[in-house]
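S.K.: Letter by letter, the chains look like this.
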Amino acid sequence: MYSEILPNKLNSSISNFNDMSMKPFLKQASIFILLLLALNFAMFFLIKGFYIKGYDEVDLEYSEYLLADSHGTPLGDFTEIYNVHNFSNQSDSYLDMERKLKFLIRNTPVEKVYISVDDHTLSPTRENQNNLDRSAYYTDKSDYSSYHTYLYDKYLKYYFVFLNERYSLIIKNFIQFELFDFSKWGGSRSGSSWENLSTLQQEEVSQDRINNYFEYSYPSTRMSDSLQRIIALCKAKNIELVGLRFPLSKTYVDILDDESYDADDVLLEHDLPIIDFDSLFLEKDHMFRDMDHLDKEGGKIFVDILFDRQENETIL
Amino acid sequence: MLFNSLDFAVFLPTVFILYWFVFKNSLRSQNFLIVAASYLFYGWWDWRFLALIAFSTLVDYIVGIQLDKVENPFRRKGLLVLSLLVNIGLLAFFKYYNFFLDNFITAFTFMGMPIKAHTLNIILPVGISFYTFQTMSYSIDIYRKKLQATKDLVAFTAFVSFFPQLVAGPIERASNLLPQFFERRKFDYLQATDGLRQILWGLVKKVVIADNCAEFANTIFNNSSDYGGSTLLLGALFFTFQIYGDFSGYSDIAIGTSRLFGFNLMQNFAYPYFSRDMAEFWRRWHISLSTWFRDYVYIPLGGSQGSKGQQIRNIFIIFLISGFWHGANWTFIVWGALNAIYFIPLLVFGKNRKNLGTVALDKRFPSVREMFAMLATFSLTVFAWIFFRAENMNHALSYISGIFSSKLFEFPAFSLFPGAITLLVLIGGFLCVEWKGRFSQYAIAGLRRIPSKARRWAIYLLIIFIIDVFGNTSEQIEFIYFQF
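Going down the list, the protein sequences come from chains A and B.
So for the first sequence, this note's numbering puts the first residue at 1; every next one is plus one.
So for the second sequence, this note's numbering puts the first residue at 317; every next one is plus one.
These are computed hints drawn from the structure, not numbers from a lab.
Mixed in with the good hints there might be a few duds.
Calculated lysine-lysine pairs in the DSS-like style (CA-CA distance at most 30 Å, straight line) [stated by the list, open to error]:
{"#": "1", "chain 1": "A", "residue 1": "27", "chain 2": "B", "residue 2": "769"}
{"#": "2", "chain 1": "A", "residue 1": "48", "chain 2": "A", "residue 2": "102"}
{"#": "3", "chain 1": "A", "residue 1": "172", "chain 2": "B", "residue 2": "752"}
{"#": "4", "chain 1": "A", "residue 1": "250", "chain 2": "A", "residue 2": "235"}
{"#": "5", "chain 1": "B", "residue 1": "502", "chain 2": "B", "residue 2": "462"}
{"#": "6", "chain 1": "A", "residue 1": "53", "chain 2": "A", "residue 2": "296"}
{"#": "7", "chain 1": "B", "residue 1": "462", "chain 2": "B", "residue 2": "385"}
{"#": "8", "chain 1": "A", "residue 1": "300", "chain 2": "A", "residue 2": "112"}
{"#": "9", "chain 1": "A", "residue 1": "172", "chain 2": "A", "residue 2": "48"}
{"#": "10", "chain 1": "A", "residue 1": "23", "chain 2": "B", "residue 2": "340"}
{"#": "11", "chain 1": "A", "residue 1": "141", "chain 2": "A", "residue 2": "157"}
{"#": "12", "chain 1": "A", "residue 1": "53", "chain 2": "A", "residue 2": "112"}
{"#": "13", "chain 1": "B", "residue 1": "502", "chain 2": "B", "residue 2": "769"}
{"#": "14", "chain 1": "B", "residue 1": "769", "chain 2": "A", "residue 2": "172"}
{"#": "15", "chain 1": "A", "residue 1": "53", "chain 2": "A", "residue 2": "172"}
{"#": "16", "chain 1": "B", "residue 1": "723", "chain 2": "A", "residue 2": "23"}
{"#": "17", "chain 1": "B", "residue 1": "502", "chain 2": "A", "residue 2": "27"}
{"#": "18", "chain 1": "A", "residue 1": "102", "chain 2": "A", "residue 2": "141"}
{"#": "19", "chain 1": "A", "residue 1": "53", "chain 2": "A", "residue 2": "102"}
{"#": "20", "chain 1": "A", "residue 1": "23", "chain 2": "B", "residue 2": "769"}
{"#": "21", "chain 1": "B", "residue 1": "393", "chain 2": "B", "residue 2": "461"}
{"#": "22", "chain 1": "A", "residue 1": "250", "chain 2": "A", "residue 2": "300"}
{"#": "23", "chain 1": "B", "residue 1": "752", "chain 2": "B", "residue 2": "679"}
{"#": "24", "chain 1": "B", "residue 1": "340", "chain 2": "A", "residue 2": "27"}
Computed footprint of chain B on chain A; a stretch qualifies when at least three of its residues, placed anywhere within it, have a C-beta under 8 Å from a C-beta of chain B [stated by the list, open to error]:
{"#": "25", "region": "29-39"}
{"#": "26", "region": "154-166"}
Which chain B residues face chain A? A few, computed with CB under 10 Å, are given here [unchecked claim]:
{"#": "27", "residue": "337"}
{"#": "28", "residue": "429"}
{"#": "29", "residue": "502"}
{"#": "30", "residue": "503"}
{"#": "31", "residue": "508"}
{"#": "32", "residue": "509"}
{"#": "33", "residue": "733"}
{"#": "34", "residue": "737"}
{"#": "35", "residue": "738"}
{"#": "36", "residue": "773"}
{"#": "37", "residue": "780"}
{"#": "38", "residue": "783"}
{"#": "39", "residue": "787"}
By construction, the Cβ of each residue, glycine as well, lies at the ideal position given by its N, Cα and C atoms.
Next up, chain B with everything else stripped away, as it sits in the complex:
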């Protein structure tokens, strides 16, 4: 079920009413409702996927309890390995099986030893990378004795399958989300209205920015050989805003929806395109995944301890894994490697923690230096996204060589894309709102401080009008990150 669908518009109020009116007196029944709603939400795509998530849940539930009971370090390690094997095994089979097989065939053929093997027609279950990472974090935290296992299967199932963040995150840590399933839930007016506001902004990002950008980005990327450099650059720019609007929009809707049910999820995006260097970008982009890798891969590898060489190795590993997490394609791996290359000079010169605060703190506009730094970081990001969006490496390379053709300085072919100028104006407006709201968790959070209700509501109505009129609702476009 998509957030931007009529189905969800019926589903959400129904669950909300049941949750706060019918099941209001029992925490367990509220959790049970969350499980039922989440399984319905997930099964809406394909009910067969439910078996996988149920299996993953059950394995980690049992492993968690056993980890709590067992003191023998060897057996504890064995239990952890079991959890990791099951979750990574699911991922490996559904997401990477055909990729590895294809590459083995290519490698053996290249070495003059052609092998015969058939790829399988595997359907990738939506959101598998998200919930497997979430359950793995639970088992690892119990193994590290940072968390006590729960014996409440309903609460644990609700934690794994919590519908707002099930298919595209934020990837919650058990230590943050799971305890919330055991806390008394009191309806909070401010929390609920804040949630609705964040949902509204998430819809702007998804329907107005991402889905409109998708239309042009898809046309330009799918027919890249037909266009000159400036138009290809425009296509890369549209994709840059598409992926941000799409993914951070989903996160906003997920966080906002959770708030309606009394839950607080972690912030997943913190205005990454206003970053002054790549290290800052990665502290602001897909925060739940970056911190997951930091806590469960980077730090165990030694993190920033050890020699510079070891640190560089750790950074490379983390970015390559991050790239590979996004999909079974060399383009994602190159995208990861490219980001590592962007990051390493900062690490080598000790500048990776230079920009920890928000840009232009207490100022309306950035300084020239900050502006230049933001533009440079943004340009590097746009370049890297080309690999992320391209169908394969050849496509990425031909796209890039197309950009740096003689037509780079010609006016883009706007006449071929009616509405592209309007979209650029919308993106401009969107960036202004994001800039103004960069100190808040989401850009329009500050609207709650407007004392005049009439003015506040007029702004909400205007936003709804913009979503309706300028939103691309001709077809419900799936969120990009569902495929990861």
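In isolation and in its complexed conformation, chain A is listed as follows:
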């Protein structure tokens, strides 16, 4: 009558475990996981080669440091002539700089820190485009609210490619925009500097950057809080903190107008000095890589002006 008959009593202790089947499964699964780990570390070292690169390298022999985002990178090692170690990196946010500062304080006597206070450094965009995955290298347990976050950020996310979205994105972008960008095949990569662009092109690129960084009308709370903590930390450790505004190109300054998240004002509120060089090279496009980044040559010249000026105590 019934097409399905269901038993209502269960055999409560039946041995349904087949060791002969589970053992090889566990063995194969373990070997596969090991292979996966091997793939992970192969990818990690690949990424280390072109993404982490020198991010985990710092010279602790200095007592003065420069903390900035990509604006600081063209200054390279030239700062060392003036006994300042350039600890800047592309996309460093205040959260990254805070981690680096804490690391420096833990490991070396720091006397002076130059910190970037450009128009965009408090931008919510910068909050999202940060280096938290890389700067985790400089952290220790005290930088985290829980041991779980510490383990996850410092070790799991740092060393396990599959857990780090940024690593995946970098490989994806490399494949998508470098490997399969036919215009870049055959070594014909265009290296056009800022001065080679027409005024219209300069305006378009500048406007894009402004749209990107000034999408919001308010500064990032996380960035602002982090900057306040940096200031407090420097005060507590008797570290001289100097704000630095990097040179900008004329086209960019004209379009930027008064747009700013006012990171410099935060320092001024604490009576800290600001070196404002944003108008230094307004008529010198040949010193720029793009609208607001110096090229290597520009960086070298800027270092001399910056520290000579400092030595002459002409802080603005």
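Start from chain A and add chain B according to the hints.
M.R.: Okay, now just chain B, sitting in the frame of chain A:
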């Protein structure tokens, strides 16, 4: 808890180890573990939802036992009605209350009799449409004396709440799934590895195809007035692959996960975009729901018996209900009606069972005729999905009129969507794999036949690499069908 989350990556191995190592000697304790794990899995969203599923389970458990005991046909019918009322009542309240109220207000206002009523802020419990349908099938089957009720509450609760398929199916029949909770479970190496393979393919569908398509489809649909015809068409195409990847990906992960625990669930998708007509499409798309409606609505209505007029009426009813099942919005109802309109000519001309087998059987490529038929069916499907995805009817209609604008033949605005071309390449590759594997339950099932383990594993590692690199893991995107 989402399948594509770190939480689930910890949850699954933990339950697996407990299931096969700690509770291995007792079927009852294994079932109990499944219940506990399933309630944890479901409660991860909102623990308050647990009360609903527990209530639905208890009602159908009691109704089932009573249906078995009672012989009086009138009382039996009453018990069945009670089960249906409770389950449909839950659905009606949580899913359709505000829809009906809004439409009543609109209708009365239109007739010059404005009424005041307040819509309620109701949270839709995830997967409610799935587990209520599953429990209803249990009561109906017992009523029809196709199934004997179980007195084992733990096994029955495990059947209703079985975590792999709880929130988005496949909607299992009691006659298929419930007996499996009473069978001795023996760990099967081939079944487990097959399950892992299917999970892997499900992740490709979800994370690589669906979630990437979602990004572009959402941008285009949410700003449809900004784009020309060709870009809108591209948006519809992306949504077409998003919904397939999302839903069939979930089903693959659900079926694969079940296999790890020794269970076999029904196939839910059978390469629907390779269908040669709409009837075939509906035999291949969301099979567990289509067959549910067939068995519990269409056939009782008379099915394909009776006059052509009655058959057409039955088809319309089934598709309208199917549309409405997806959500409380006119767009879903129109989507259902449109599919009925696609289907009816096949029925009228007796062609609805023409394409029962798999396309290009024993051939590598389809014939020109088959290719044309597949493209035509696919185009009709893409068009219908626009209604499914649109926010409301006005949006759907403006989207469609936007497609058929003068800009239809312009090149789509790829420059606005960095990565869209890469995604199209990925979709192309995905379709090739699906085409090659169209005779299997899932596309990469055939990999097990590769004799060289090194080659097989290299392919698995490559798939994992693709998931990691090309998968959209920037945020965990919920499966679309959770909302239904």
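S.K.: Give a verdict on every hint.
M.R.: Evaluated hints:
1. 27/A to 769/B: Given that 30 Å is the threshold and the Cα spacing comes to 14 Å, the pair holds.
2. 48/A to 102/A: holds (23 Å)
3. 172/A to 752/B: holds (26 Å)
4. 250/A to 235/A: violated (36 Å)
5. 502/B to 462/B: holds (27 Å)
6. 53/A to 296/A: holds (19 Å)
7. 462/B to 385/B: holds (14 Å)
8. 300/A to 112/A: Answer holds: residue 300/A to residue 112/A is near 21 Å, not above 30 Å.
9. 172/A to 48/A: holds (15 Å)
10. 23/A to 340/B: OK: residue 23/A and residue 340/B at ~14 Å, within 30 Å.
11. 141/A to 157/A: holds (15 Å)
12. 53/A to 112/A: holds (26 Å)
13. 502/B to 769/B: Answer holds: residue 502/B to residue 769/B is near 25 Å, not above 30 Å.
14. 769/B to 172/A: Status holds; Cα separation ~28 Å.
15. 53/A to 172/A: holds (18 Å)
16. 723/B to 23/A: Roughly 61 Å between the alpha carbons, so the hint for residue 723/B and residue 23/A is violated.
17. 502/B to 27/A: holds (18 Å)
18. 102/A to 141/A: Answer holds: residue 102/A to residue 141/A is near 12 Å, not above 30 Å.
19. 53/A to 102/A: Holds, because 21 Å separates the two Cα atoms, which is no more than 30 Å.
20. 23/A to 769/B: holds (18 Å)
21. 393/B to 461/B: holds (12 Å)
22. 250/A to 300/A: holds (20 Å)
23. 752/B to 679/B: holds (10 Å)
24. 340/B to 27/A: holds (19 Å)
25. 29-39: With 4 residues closer than 8 Å to chain B, the region 29-39 of chain A meets the three-residue bar; holds.
26. 154-166: n = 4 at 8 Å, threshold three: holds.
27. 337: holds (8 Å)
28. 429: violated (47 Å)
29. 502: holds (5 Å)
30. 503: holds (5 Å)
31. 508: Hint holds; residue 508/B Cβ to chain A Cβ min 6 Å, cut 10 Å.
32. 509: holds (7 Å)
33. 733: violated (12 Å)
34. 737: Holds: closest Cβ of chain A sits about 9 Å from residue 737/B, inside 10 Å.
35. 738: Hint on residue 738/B: holds, closest Cβ of chain A at ~5 Å, below 10 Å.
36. 773: It holds, given that the least Cβ distance between residue 773/B and chain A is near 7 Å, below 10 Å.
37. 780: The hint holds - residue 780/B has a Cβ within 10 Å of chain A, the shortest such distance being about 7 Å.
38. 783: With a minimum Cβ separation of about 9 Å from chain A (threshold 10 Å), the hint on residue 783/B holds.
39. 787: Result: holds, 7 Å to nearest chain A Cβ.
In this structure, the earlier hints numbered 4, 16, 28, 33 are contradicted, and the remaining ones agree with it.
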